[in-house]
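**Student:** What follows is each chain in one-letter form.
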Amino acid sequence: MLTAMADAFAGFRLAEVEGIPVLWKRDRRFKTFRFSLIARRPLDERAAARSLLPSMLLQGTERDPDRPALARRMEMLYGAAVLPSTSKIGESHLLRFSLDSVAGSHVPGEPDLLSDGLDFLGDILARPRLENGEFATGVFRREQVQAAHEVRALFNDKMVYAGQQALSQACAGEPMAIPEHGGVAAIEALQPADPERARADFLQHGQMWGVAMGALPEEGSLERIGAFLTALPARSPEPVGDPVQVEPRPARADVERANVQQAKQVLVYRVPWTNESRTWVARALFASMLGGGPHSRLFREVREKQSLAYYAHAAVDRNKGLLQVHVGLDESAAERVQVETQKQIEELAAGRFEPAELETARAGLLSTLAAIDDSIGDRMEFTSRQWLLQQDRTPEQQAELYASIQQDEVASSMDGVWLDYSYLLAPQATEAKT
Amino acid sequence: MTAENGFEIVRDDLLDEDVWLGETSKGLRVRVVPTDRFHEASAIITFRYGSTDLGFRSEGSEHKSPEGVAHYLEHKLFEDEEIQVFQRFAERGAKVNAMTGFTRTSYHFMATDRVLENLDDLLALVSQAHINKENVDKERGIIAQEIRMYEDSADYRLFFDFLSCLFPVHPVRHPVGGTVDSIQAITPEELLTCYAAFYRTGNAAMSVAGPVDPHEIMAAAERCGLEAGGSPDSVWPEDLGPVETARRELTLQIPRHKVYMGVKDRTLVPDAEDRLRRQLVTELLLDRLFSASSEIREDLRQRNVADDSLSSTYMSDFNFGFLLVDCETDDPATAIDGIREALFRPVTIDEDHLERVRRKFLGKYVRSFASVYNLALSQAHEALEGIPPFQSLQRLASVTGDEVVARQQELLRDDSFACVVGLPG
Numbered sequence: 001m002l003t004a005m006a007d008a009f010a011g012f013r014l015a016e017v018e019g020i021p022v023l024w025k026r027d028r029r030f031k032t033f034r035f036s037l038i039a040r041r042p043l044d045e046r047a048a049a050r051s052l053l054p055s056m057l058l059q060g061t062e063r064d065p066d067r068p069a070l071a072r073r074m075e076m077l078y079g080a081a082v083l084p085s086t087s088k089i090g091e092s093h094l095l096r097f098s099l100d101s102v103a104g105s106h107v108p109g110e111p112d113l114l115s116d117g118l119d120f121l122g123d124i125l126a127r128p129r130l131e132n133g134e135f136a137t138g139v140f141r142r143e144q145v146q147a148a149h150e151v152r153a154l155f156n157d158k159m160v161y162a163g164q165q166a167l168s169q170a171c172a173g174e175p176m177a178i179p180e181h182g183g184v185a186a187i188e189a190l191q192p193a194d195p196e197r198a199r200a201d202f203l204q205h206g207q208m209w210g211v212a213m214g215a216l217p218e219e220g221s222l223e224r225i226g227a228f229l230t231a232l233p234a235r236s237p238e239p240v241g242d243p244v245q246v247e248p249r250p251a252r253a254d255v256e257r258a259n260v261q262q263a264k265q266v267l268v269y270r271v272p273w274t275n276e277s278r279t280w281v282a283r284a285l286f287a288s289m290l291g292g293g294p295h296s297r298l299f300r301e302v303r304e305k306q307s308l309a310y311y312a313h314a315a316v317d318r319n320k321g322l323l324q325v326h327v328g329l330d331e332s333a334a335e336r337v338q339v340e341t342q343k344q345i346e347e348l349a350a351g352r353f354e355p356a357e358l359e360t361a362r363a364g365l366l367s368t369l370a371a372i373d374d375s376i377g378d379r380m381e382f383t384s385r386q387w388l389l390q391q392d393r394t395p396e397q398q399a400e401l402y403a404s405i406q407q408d409e410v411a412s413s414m415d416g417v418w419l420d421y422s423y424l425l426a427p428q429a430t431e432a433k434t
Numbered sequence: 435m436t437a438e439n440g441f442e443i444v445r446d447d448l449l450d451e452d453v454w455l456g457e458t459s460k461g462l463r464v465r466v467v468p469t470d471r472f473h474e475a476s477a478i479i480t481f482r483y484g485s486t487d488l489g490f491r492s493e494g495s496e497h498k499s500p501e502g503v504a505h506y507l508e509h510k511l512f513e514d515e516e517i518q519v520f521q522r523f524a525e526r527g528a529k530v531n532a533m534t535g536f537t538r539t540s541y542h543f544m545a546t547d548r549v550l551e552n553l554d555d556l557l558a559l560v561s562q563a564h565i566n567k568e569n570v571d572k573e574r575g576i577i578a579q580e581i582r583m584y585e586d587s588a589d590y591r592l593f594f595d596f597l598s599c600l601f602p603v604h605p606v607r608h609p610v611g612g613t614v615d616s617i618q619a620i621t622p623e624e625l626l627t628c629y630a631a632f633y634r635t636g637n638a639a640m641s642v643a644g645p646v647d648p649h650e651i652m653a654a655a656e657r658c659g660l661e662a663g664g665s666p667d668s669v670w671p672e673d674l675g676p677v678e679t680a681r682r683e684l685t686l687q688i689p690r691h692k693v694y695m696g697v698k699d700r701t702l703v704p705d706a707e708d709r710l711r712r713q714l715v716t717e718l719l720l721d722r723l724f725s726a727s728s729e730i731r732e733d734l735r736q737r738n739v740a741d742d743s744l745s746s747t748y749m750s751d752f753n754f755g756f757l758l759v760d761c762e763t764d765d766p767a768t769a770i771d772g773i774r775e776a777l778f779r780p781v782t783i784d785e786d787h788l789e790r791v792r793r794k795f796l797g798k799y800v801r802s803f804a805s806v807y808n809l810a811l812s813q814a815h816e817a818l819e820g821i822p823p824f825q826s827l828q829r830l831a832s833v834t835g836d837e838v839v840a841r842q843q844e845l846l847r848d849d850s851f852a853c854v855v856g857l858p859g
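Sequences listed follow chains A and B, in order.
Numbering-wise (the numbering used here), the first sequence opens with residue 1 and increments by one.
Numbering-wise (the numbering used here), the second sequence opens with residue 435 and increments by one.
No lab work stands behind these hints, which were simulated from the structure alone.
It cannot be assumed that every hint is accurate.
[Unchecked claim] Quick list of simulated restraints, FRET-style, between CB atoms:
no., chain 1, residue 1, chain 2, residue 2, range
1, B, 849, A, 28, 31 to 41 angstroms
2, B, 827, A, 418, 55 to 65 angstroms
3, B, 669, A, 252, 54 to 64 angstroms
4, B, 729, A, 63, 15 to 25 angstroms
5, B, 669, A, 407, 50 to 60 angstroms
[Stated by the list, open to error] Distance condition first, Cα-Cα at most 30 angstroms in a straight line; then the derived DSS-like pairs of lysine-lysine:
no., chain 1, residue 1, chain 2, residue 2
6, A, 88, B, 798
7, B, 572, A, 305
8, A, 305, B, 529
9, B, 572, B, 529
[Said to hold, decoys possible] Over 12 angstroms on every C-beta distance to chain A, these chain B residues come out as not near it, computed from the model:
no., residue
10, 533
11, 616
12, 644
13, 662
14, 665
15, 669
16, 782
17, 811
18, 840
19, 846
Small disclaimer: the values here were computed from a predicted structure and weren't measured.
Glycine included, C-beta positions come from ideal geometry on N, C-alpha and C.
Please construct the entire structure, taking both the sequences and the accompanying hints into account.
**Tutor:** Written out as structure tokens, the structure reads:
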């Protein structure tokens with residue numbers, strides 16, 4: 001059932017279909033299209049069950065009983081990716097059901113790949129292969145073990161591992177500390193009924209929306225999406241609250257020893273959370289000047305001039321209110337890098353930067369926005385983020401906002417920033433410096 | 435094919451794409467994909483010079499290089515202080531980067547504005563080598579940090595250990611960036627010698643894709659200051675014999691055992707088109723064995739031989755080739771035996787399977803045109819190899835099941851097999 005809403009949002013068309021907002025943009029520049037149905041829940045102790053769900057759903061459906069059968073069906077759809085996945089945004093857990101396909105107009109016979117793909121997605125989402133209302137115990141146990149292995153294997157990517165460790169310690173006691181996968185202990189504690197409960201919870205209580213873009217059919221895209229959404233159960237969505245904030249406290253530090261040659265340092269700063277977009281745009285410019293690439297203070301001062309690090313990046317997280325600095329360095333340089341980072345933050349916050357620094361940071365961010373329509377995935381993500389924030393802005397309008405930010409706004413945007421936590425993953429051979 | 439002002443234009447009607455092919459007066463091959471489908475343009479210049487180029491003949495003698503010299507040279511050119519490369523690109527909002535592989539070094543940028551100025555700078559930075567003892571010594575510490583970062587990756591260590599088992603002498607066995615020890619031997623003179631040998635118009639190709647005018651791109655390419663000249667006479671030690679070290683173990687800080695196993699390709703294919711066909715046929719073989727739709731993979735999973743971490747790849751170029759399968763496991767002996775048995779057991783390929791795989795590969799090919807960077811990169815590589823555009827689908831349509839079966843018999847030989855086990859330590 002289609003319901004009238006404001007008919008545009010963030011440059012996409014908008015309609016309510018089966019009670020779910022659907023944003024879509026037909027764009028014939030592309031030879032592919034994508035549709036995603038997204039459900040949002042708070043990040044909590046159910047994270048492990050939710051993260052296991054995608055792999056459980058790919059074990060088979062009522063129609064395609066096992067993984068090879070599912071994979072063969074995707075191959076017949078010209079290699080379409082018909083996949084569930086989960087991700088973490090701030091203190092929210094998102095479940096995505098996505099169909100990513102070439103357009104029928106670019107393959108022999110011009111098949112209706114949107115309808116075929118949505119049928120398939122509906123099977124995975126609404127008709128998984130269950131036994132007595134839950135996933136088969138043997139299948140569950142195997143996927144549970146696999147998931148625990150995959151989490152342990154994150155250690156193999158030291159940069160990712162250090163980032164995860166830093167966040168879980170910096171935000172201990174807050175939902176943000178929960179990793180997207182829930183952690184090994186939580187995975188190992190799961191019971192066979194938990195993934196199906198997580199599926200039902202997402203579908204019934206998730207804050208849900210759909211997004212589609214690309215070479216969609218000229219006529220009837222929304223009707224096809226509507227037919228797919230009828231597979232969903234009755235819904236009673238629950239809102240997700242604002243992120244937890246903490247009062248300033250003395251900075252904490254940890255050193256973890258491992259068999260590594262290059263140390264990884266993560267500095268977690270808190271910035272006061274606000275829903276005010278202009279402040280976050282100014283903060284993005286600040287972070288870019290601090291550590292957004294080769295033009296930044298950290299790259300030029302820490303890497304090039306002082307040769308203290310191999311890499312140094314900074315980024316703000318609007319969904320939680322964090323400024324994170326990630327550095328790959330020799331352990332002996334860690335203290336100096338921390339001091340230098342603090343000094344550069346203070347310099348920028350005091351407005352002691354050249355107009356050219358700001359303009360270079362701005363040029364990079366504006367260029368990214370100018371290219372965002374070149375990628376279906378990037379543009380859909382932009383629109384989804386706008387929807388989450390209920391901020392009806394196109395990339396062009398967002399660019400205008402970036403262009404309007406003044407030097408003093410950038411400097412003052414970080415008022416109240418404070419270092420909460422410093423994490424160092426360091427080699428075993430030497431003593432800790434912090 | 436049509437012609438316009440020094441360009442040949444090749445069109446693909448299914449994809450609705452044109453590629454313009456040209457060459458500068460100094461012999462630099464140029465391809466342009468002019469398209470308004472993107473707001474961003476991507477430009478790449480690539481040289482046939484990579485980590486395996488550790489020897490070449492010059493003026494009657496053979497020059498030998500330390501491991502890691504191509505990567506070191508990329509760092510030095512890329513961080514050219516004279517034109518403050520990062521700053522100038524950044525001021526225009528452009529993203530610039532470079533990469534070194536086994537057989538190629540590439541420099542590229544992405545930009546939504548002032549593409550020609552960025553292109554002039556990209557070509558300028560590869561056209562002169564501002565190299566002296568001071569800046570070479572300064573770079574050594576940064577490269578050493580990069581190498582240490584890679585060496586902290588268990589997969590990187592296992593990958594190059596695996597290659598060193600397969601190839602006792604061929605330089606593909608060495609890490610692309612060299613080692614912290616090997617880069618100590620790299621001098622300004624060494625870098626300048628290699629620069630003079632490899633950074634020449636006839637050893638390079640350039641490609642630009644996006645909302646650009648091909649004639650303006652060609653004019654910029656004509657301004658490129660690279661010396662004219664062809665590819666140097668590179669020398670690689672012959673290494674097509676049996677594997678000498680069939681199994682090795684390596685203790686690493688990893689939570690579970692990892693196994694890397696596979697075979698060395700014992701034949702080289704000099705012709706680029708023939709090599710691409712062989713690459714495709716081998717990928718079809720791996721798809722038959724280990725794709726998600728394969729009952730062979732599913733059987734390995736059901737019998738707890740290999741879990742979802744199993745992955746496979748075939749890599750080849752004009753001077754090497756190998757097939758690699760890797761996975762994590764609690765029982766390396768069972769994994770190695772089971773996967774090896776699957777690799778060597780003769781496959782059957784029926785028409786249903788071929789039809790599904792053709793569809794899948796067609797979808798993948800169409801998808802590859804969704805990225806302006808992929809467009810530029812693939813055209814630069816094809817130009818360097820002299821491959822005409824848009825041949826992939828013809829190649830795919832003509833492959834038969836018998837070819838795949840024959841390829842398995844040719845490639846999978848007992849004395850070509852090696853494995854490396856990563857032990858949790």
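**Student:** If a hint holds in the structure, say so; if it does not, say that too.
**Tutor:** Tested hints:
no., hint, verdict
1, B:849 / A:28: 31 to 41 angstroms, "violated (55 angstroms)"
2, B:827 / A:418: 55 to 65 angstroms, "holds (58 angstroms)"
3, B:669 / A:252: 54 to 64 angstroms, "holds (57 angstroms)"
4, B:729 / A:63: 15 to 25 angstroms, "holds (18 angstroms)"
5, B:669 / A:407: 50 to 60 angstroms, "holds (57 angstroms)"
6, A:88 / B:798, "holds (28 angstroms)"
7, B:572 / A:305, "holds (10 angstroms)"
8, A:305 / B:529, "holds (21 angstroms)"
9, B:572 / B:529, "holds (24 angstroms)"
10, 533, "holds (15 angstroms)"
11, 616, "holds (16 angstroms)"
12, 644, "violated (9 angstroms)"
13, 662, "holds (32 angstroms)"
14, 665, "holds (31 angstroms)"
15, 669, "holds (33 angstroms)"
16, 782, "holds (16 angstroms)"
17, 811, "holds (15 angstroms)"
18, 840, "holds (23 angstroms)"
19, 846, "holds (23 angstroms)"
In terms of the numbered hints stated before, the structure departs from hints 1, 12, listed from lowest to highest.
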